[in-house]
Amino acid sequence: MKYFKKFENFLSQNDMIVYHASLKKFKIFDFHKIGSGIGGSYGGYGMYFTQNKNDAEKYCKYLMKKYNKIYSYIYSVNVKDYNFYVMNENTNLKLSNNEIENILINIKKYCDNDTYIKIKNNFYDDKYPYSAYSFYMDILPRFIFKNDSEESSKFLKLCGYDGVLYINDVNEKIYVIFNFKNNDINIEKIKKQ
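For the sequence shown, the numbering used here gives the first residue as 766, with consecutive numbering after it.
Don't read these hints as lab results, they were simulated from the structure.
Built from N, CA and C at the ideal position, the CB exists for glycine as well.
Any given hint could be a false lead.
[Claimed, not checked] Dumping the calculated PhoX-like pairs for lysine-lysine here, alpha-carbon to alpha-carbon at most 25 Å:
#, residue 1, residue 2
1, Lys946, Lys956
2, Lys885, Lys919
3, Lys823, Lys792
4, Lys938, Lys919
5, Lys883, Lys845
[Stated by the list, open to error] Label pairs and their computed distance ranges (CB to CB):
#, residue 1, residue 2, range
6, Phe796, Lys911, 17 to 23 Å
7, Ile952, Leu923, 52 to 58 Å
8, Lys830, Lys874, 19 to 25 Å
9, Glu937, Lys873, 31 to 37 Å
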């Protein structure tokens with residue numbers, strides 16, 4: 766694998782680049798380090814990225830000031846071939862029927878029949894159906910995995926997702942990745958001014 770590519774060579778016409786800010790320099794994203802960083806886990810278990818490079822730069826500056834560091838780093842990853850579970854906390858964004866069926870096939874392995882029927886019925890309830898957000902942030906951790914967000918992410922990985930695209934209340938897109946398809950990353954060093 767090649768690391769530290771020139772950024773211009775990293776992009777192609779159909780790429781989708783996301784950015785991760787850190788005080789630490791590393792060559793690969795190590796899932797054993799999840800939870801050891803500074804940020805919270807409001808979008809679930811995984812590595813957090815933004816599509817906005819300016820946001821990553823601002824976060825680097827914030828980290829350097831807060832922790833009195835001279836350098837920080839922006840990591841960029843191409844996620845054009847990733848499959849994201851999309852959720853928005855402000856809307857009742859529903860899953861497609863194919864997504865629901867895939868989830869239901871896999872969830873049978875983790876719960877008893879009564880819980881399975883309750884989950885299935887709520888997905889198809891016309892009045893109060895599960896949204897993508899409520900299923901991932903509430904139903905999975907509360908009823909299936911006993912508040913274990915890592916297990917919820919592993920479940921989504923089993924369903925074929927590489928991460929979560931979380932759209933927050935101010936419409937920012939936050940990418941929470943728990944399955945890297947490659948570790949081909951670009952690093953940009955930011956110096957305190």
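Could you work out which of the previously given hints the structure breaks and list their numbers from low to high? Hint check: 1, 5, 7, 8 fail, others pass.
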